[in-house]
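J.: Given next are the chains, with one letter for each unit.
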Amino acid sequence: MRFDAASVEEADVSDVSQLAGLAQPGKQVWVDVQGLSDHDAIRAIGTIFGIHQLALSDIVNTGQRPKVEEYGSQLFVVTRMVQILESGNPDWEQVSLVVGPNYVLTFQDRIGDCLDPLRERIRTEGSRIRTSDEGYLSCMMLDAIVDGFFPVLEHFGERLEEIEVELIRQPTPGLLEDIFLVKRDLMSLRRAIWPQREFLTRLLRDGHSMFDEQTAPFLRDVYDHAVHIVDVTETYRELTQSYIDVYLSSIANRTNEVMRVLTVTATIFIPLTFIAGVYGMNFSTAYPTNMPELDWRYGYISFWIICILVVVVMLVLARRLGWLGGSPSAGLRNRDS
Amino acid sequence: MRFDAASVEEADVSDVSQLAGLAQPGKQVWVDVQGLSDHDAIRAIGTIFGIHQLALSDIVNTGQRPKVEEYGSQLFVVTRMVQILESGNPDWEQVSLVVGPNYVLTFQDRIGDCLDPLRERIRTEGSRIRTSDEGYLSCMMLDAIVDGFFPVLEHFGERLEEIEVELIRQPTPGLLEDIFLVKRDLMSLRRAIWPQREFLTRLLRDGHSMFDEQTAPFLRDVYDHAVHIVDVTETYRELTQSYIDVYLSSIANRTNEVMRVLTVTATIFIPLTFIAGVYGMNFSTAYPTNMPELDWRYGYISFWIICILVVVVMLVLARRLGWLGGSPSAGLRNRDS
Amino acid sequence: MRFDAASVEEADVSDVSQLAGLAQPGKQVWVDVQGLSDHDAIRAIGTIFGIHQLALSDIVNTGQRPKVEEYGSQLFVVTRMVQILESGNPDWEQVSLVVGPNYVLTFQDRIGDCLDPLRERIRTEGSRIRTSDEGYLSCMMLDAIVDGFFPVLEHFGERLEEIEVELIRQPTPGLLEDIFLVKRDLMSLRRAIWPQREFLTRLLRDGHSMFDEQTAPFLRDVYDHAVHIVDVTETYRELTQSYIDVYLSSIANRTNEVMRVLTVTATIFIPLTFIAGVYGMNFSTAYPTNMPELDWRYGYISFWIICILVVVVMLVLARRLGWLGGSPSAGLRNRDS
Amino acid sequence: MRFDAASVEEADVSDVSQLAGLAQPGKQVWVDVQGLSDHDAIRAIGTIFGIHQLALSDIVNTGQRPKVEEYGSQLFVVTRMVQILESGNPDWEQVSLVVGPNYVLTFQDRIGDCLDPLRERIRTEGSRIRTSDEGYLSCMMLDAIVDGFFPVLEHFGERLEEIEVELIRQPTPGLLEDIFLVKRDLMSLRRAIWPQREFLTRLLRDGHSMFDEQTAPFLRDVYDHAVHIVDVTETYRELTQSYIDVYLSSIANRTNEVMRVLTVTATIFIPLTFIAGVYGMNFSTAYPTNMPELDWRYGYISFWIICILVVVVMLVLARRLGWLGGSPSAGLRNRDS
Amino acid sequence: MRFDAASVEEADVSDVSQLAGLAQPGKQVWVDVQGLSDHDAIRAIGTIFGIHQLALSDIVNTGQRPKVEEYGSQLFVVTRMVQILESGNPDWEQVSLVVGPNYVLTFQDRIGDCLDPLRERIRTEGSRIRTSDEGYLSCMMLDAIVDGFFPVLEHFGERLEEIEVELIRQPTPGLLEDIFLVKRDLMSLRRAIWPQREFLTRLLRDGHSMFDEQTAPFLRDVYDHAVHIVDVTETYRELTQSYIDVYLSSIANRTNEVMRVLTVTATIFIPLTFIAGVYGMNFSTAYPTNMPELDWRYGYISFWIICILVVVVMLVLARRLGWLGGSPSAGLRNRDS
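Chains as they are written, first to last, in our numbering: chain V, 1 to 337; chain G, 1001 to 1337; chain Z, 2001 to 2337; chain B, 3001 to 3337; chain L, 4001 to 4337.
One chain only, chain V, in its complex shape (with noise of 0.2 Å):
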């Protein structure tokens, strides 16, 4: 936790009573609490910084809705912060904004996060956030929040497009649930940036005493860069359904292919197996009507002419109803490999 005005101060502050006199007029105060688990501590806290009782509950209760409320003059934002994992999936954080005059308070559960980068230009003398009010500073972390769904929507990207290479080379059941997984995190993508988009909305339309007309332009590129999250979110969940409905189609096309095969297979040889069977059997030959092409001289050939003559045209009439065709129906599964 630190000061920061014209001088930068520091400080881990591990006893709360510690902050009761941190403010001082012409000074800007960050209190970065992270952990939420020492319920007291926030309690504390919430007493020095006058935090409306309800704003302290949706600070531990995380699983909040994004949120910006007003307590008088201070500033209650709910915000949720993602970034991916090693494992590939999003990991979801919720931090939670107070802002009042000169003092901007952060809660979030886990130590290290992305308002690092925040903590370094504070730190470097001369950058703007230095001499800027709290309206600039929290419209910094803010930014800082929502460029941090850019990453996690470039893995997506990434994803979707491996995923595409995949179904266009041969589709896997497994394919089908990774796209489903992906279209799963989508949706809770979209139910994260959503409600921001609409609080920075309304905090772009009503204006708030914080943001002065030089903080605007910066809570509108906030904003600009949230309704872009959201057109990306949306079109790659568009894509998600057109994959699974090629991925359907795909199958649906093996099958049929998987089909063919059988039929022209069977089709060729049941009528062949037939013939065979004809001259297996035994009416007695004594007769000259019973069996007569058994005692012919070229009989076991022309059994063979025939068989060959029902193959060939079988295969001629196969080939005319395309059910032979090699590249076109082997398409989108063998295009590639």
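Do not rely on the hints blindly, as some may be mistaken.
Here are the simulated distance ranges between beta carbons [to be verified]:
id, chain 1, residue 1, chain 2, residue 2, range
1, G, Ile1305, Z, Leu2309, 18 to 26 Å
2, L, Arg4205, G, Pro1117, 44 to 52 Å
3, B, Gly3088, V, Val311, 42 to 50 Å
4, V, Val312, B, Tyr3298, 43 to 51 Å
5, G, Glu1120, V, Thr131, 48 to 56 Å
6, G, Ile1305, Z, Trp2304, 20 to 28 Å
7, L, Arg4205, B, Pro3101, 25 to 33 Å
8, G, Glu1120, V, His39, 16 to 24 Å
9, G, Asp1091, L, Thr4201, 41 to 49 Å
Pulled from the structure, derived: some chain G residues nowhere near chain V, Cβ distances all over 10 Å [unchecked claim]:
id, residue
10, Gly1035
11, Gln1053
12, Ile1163
13, Asp1206
14, Phe1218
15, Ser1302
16, Ile1306
17, Val1316
What the hints contain is simulated information worked out from the structure, not anything from laboratory work.
Ideal placement from N, C-alpha and C gives every residue a C-beta, glycine not left out.
Chains G, Z, B and L: place on chain V using the hints.
T.: For chains G, Z, B and L alone, kept in the frame of chain V given last:
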């Protein structure tokens, strides 16, 4: 039923006329009517508290759409409460609130409900609810009712997770029915919560003399919860749709798999059977042109060699075309088993 | 047709000119025109009550979209009434209302309708409707018309339940047709109720001099019912969509099941037939290398042992791959039978 | 082209310059330009009536989105007119209106159109259109154009009914194509009528000096028709979607049926063929253990008895599993034939 | 880069500092920056023209969502330009406009673009653009950019038509991929044009000092085009969805057709093979009860007669059930070939 002010008084009233003199200046009265079948009693209560005839008929005819209406200084609210029965099905109940100066009337059909914790808080000395007006009290009631949706949502969340696990392990037709039943319940849920969200929006936007500045944040809190429930419900509904897609594709996959086995078996054995049939023919071997193979020393061995060759060629072809692909095609269904 | 005020007078008027002197100060007049084929009569009525030419043409050309229009001091309302015929099909009828100072005109094509209960209430001494103005009367009419949708919705609700039961018991193609017909009827229902909801919203929002403060709650009540009907209709439509999904998947399941039996039968018997074919071959057994099995003492018994082995191996394999799975795969279709 | 006021004058003008002196105080002028290929003439007309350059280019470049624009005292309207060709396809035409003080200009590409009845009404002595201003005249034109959609909708309604009948009688792939073509046409229809509805909404809401109080109801009437057309179009589009569902399911049903026949045939005859194969084997009957059945007196008869037993058992099984189900499974396809 | 006023001056500026003195009263300046990789130069230009830091970062980071922002007297516009590459893929480029008093700056990454015709018009003596202000100039630029979408839409329209023809002639899996790719491109198109439509709506509604009354119609024209593009894009997207439906159903149809051939072949030959098998059995004919047919004089001929009878019965049955139906079942696929 009970009184509450600086001091708390509770009374079970079975004779409606006792309610007439309840109201005292500076004291809050909460009358909780349980059981709606006694129309006369309810009409009597309506007369005592001056409830509009339409409101009374809405109270008695459960199955109303949740709504808020103003009748003079009274606020009439219809809401739906939900809880999960032991059978796992959601159980709906209409709760109507009539909020007037210094009194709140609640009407419900069954005994025992989600307002119990509220009663506890009223009984507690020094709780905020004791010193607040009827606006705060009714707001807390709405909060209790809306929060009653969360365990139900959790229940559905768990059922959906079970379904997902089952879907990946082994999709059965019964599972589809489960998905369908969850979807139907989610549709009811949405139908109940959506109008509550709507009237909360209106109450927040237009304000009401009952909800003073101190109560407004609590009302906003109720609203936030309602919006959250709507969000989650919508996400769950989309999930069920995705589950149906996955289910259908897994059926298609199974058909495919069964098909492939049939095709491979048939295409291997049908030609072999034909060959066997050929040498079962009874062409007269008197002529050297007829079936000389039958008299070859190694005819039988040659036959088996040809058969094995056919099988090998078939298997190589099948493998090339990906019809034998064990693990990838077994995919979704066998992954966990 | 009838008069109603402090006293009630009813009269069947067949000559339009008798209507001219009907209006009396302090009395409400309700003229109910049944049958729209006599264009001249309707034009005459139009002239007597000063109905706008466009309203008249809307009255006569049934099939209008429900709407409300103001012509000077007159309010012109077009609504659609619905009832279930004995055949189970919904029957639509356009009812037009012209509401002016102290009179209400209703126009409908057929005799006998959902306004009968209203007539009863007017005939009843002391009913509120007797002492109220034309706003309240027309409001009650709209209420009667809108409430006429509820039995229709119930009818569809029951049909959908029957369909669901049937769907789980034994899905037949006729069932799909039923679902489709219900869906089409629900689409008509929605097309009729949606614009009524719309114009009720507008009437409520903009108000109208005819609907004074005492009538407003009743109008709001009508509106609530319309919204409720819209909600239920939408839910039912979604249900039909889900039913179609379930139906299609049950067909896919049946195909699967039939497939599985074919596959198991074929994969078991095709190899056996091949083996039998082998020993039906006529290779000359003069050479010891040719089919020595035929001369073995236990050749035939060995053959049967091999066959049984093949069958057992096949069945074990099939069970492993889940192709015989009795109860789970029979699933949806057999559950109840 | 023609004049109309108290008296009617009509003139075919081929030289644009004759139009210059047309306007007379107190007289309405309607110039109907048919054929848009002569750009110079149109530019000349534009100069005479002071039409804005952008409006002129919109007139000439057909394929504009329907819209209304104000240029000073002129109102510029682009609409789309539709009629059904004899081939059954809809035929689109852009009609542009320029409405200024005392004159209305219409521009269309082809001769002969839905404005003919309007011309008749103008020629009729004492018709309202003769004594009204240019607002009423243009309103009547819009009415004629919008009403021109109704026969087209009816045409599509009939085609959809034919498709439905055909769908239930015998679904062929050509039918799907028909459904698809109707859907595409409905999409064009919607694209044409939707913006017209939009600009009518705007005209009604914002009003315009041209449409005085007496004309407003007529404009509202046009608007109502447009909304009605939009409603019906949307319903029809949903219907086509349902038809596609029914079509796909009927194909699935047929596959099922064909499958069932194949399965029953195969599962009955494959075991029989195997048995016949067994007794065709040539095991040496010298040993009593080898195929003793062949030497039984009633061996052959036993064989047939076994065969019949197998068939009976199979048929009973098949009936039990519902594979032979005659009428219910023939269902949708055979109902009418 | 160039000057334009009464006289036209063009200059290629490679040193940014030369831009500093460009602005002259009464003259319009258009600076077209091509290539965005030289961040320093762009920052220098930003300093000269006083561009806001956020605008500058949006200029350099292409991939922004199209938007309009006001910074003091400057209007900052981000748009996306599209053209079809020779490969048939759309090529996107971000174009940023900074419009200030008497100057317009455009930033784009590549050289050569859709603004060329505009340059021509500026060079032309007496063109309207020469005497107008920066509002008109920027409006013309937006017009050029938006109109650049039309050829792209036409391109997609043609591709969709080709796809439709192909779909009816012979649907291959590659076709599905084509549909899918077009759909994806249409999604990008929509994502680019939708926000442009949005900001044009806002510019039109709220107005801006730069766009005076004379320019407004032109801006409205740009807006109309944008709306038109959105409409067409949406229609095309719906078309692709319909194509996918048709494609899937044509696959189902083919499966059906292949199935039918297999079924007919199998159901005809399987019984025949069985009969042939029967007479291939080696029951001892010593007993008269064993296979007496074998010793009949016309046994063999009877066999063939039975076979022919079976085939005829089968064919008649198959025809009755519609399994041979030539033209109707060949349907969609063979219509044109």
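J.: State for each hint whether it applies.
T.: How the hints compare with the structure:
1. G/Ile1305 - Z/Leu2309: 18 to 26 Å: 23 Å, holds
2. L/Arg4205 - G/Pro1117: 44 to 52 Å: 50 Å, holds
3. B/Gly3088 - V/Val311: 42 to 50 Å: 47 Å, holds
4. V/Val312 - B/Tyr3298: 43 to 51 Å: Taking Cβ atoms as reference, V/Val312 and B/Tyr3298 lie about 45 Å apart, which means the hint holds.
5. G/Glu1120 - V/Thr131: 48 to 56 Å: 52 Å, holds
6. G/Ile1305 - Z/Trp2304: 20 to 28 Å: 26 Å, holds
7. L/Arg4205 - B/Pro3101: 25 to 33 Å: With Cβ atoms ~28 Å apart, the hint holds.
8. G/Glu1120 - V/His39: 16 to 24 Å: 21 Å, holds
9. G/Asp1091 - L/Thr4201: 41 to 49 Å: 48 Å, holds
10. Gly1035: It holds; G/Gly1035 is separated from chain V by about 34 Å at its closest Cβ, greater than 10 Å.
11. Gln1053: 37 Å, holds
12. Ile1163: Answer for G/Ile1163: holds, closest chain V Cβ roughly 13 Å.
13. Asp1206: G/Asp1206 clear of chain V: closest Cβ-Cβ about 16 Å, beyond 10 Å.
14. Phe1218: Non-interface label on G/Phe1218 violated, nearest chain V Cβ at 7 Å vs cutoff 10 Å.
15. Ser1302: 16 Å, holds
16. Ile1306: 15 Å, holds
17. Val1316: 14 Å, holds
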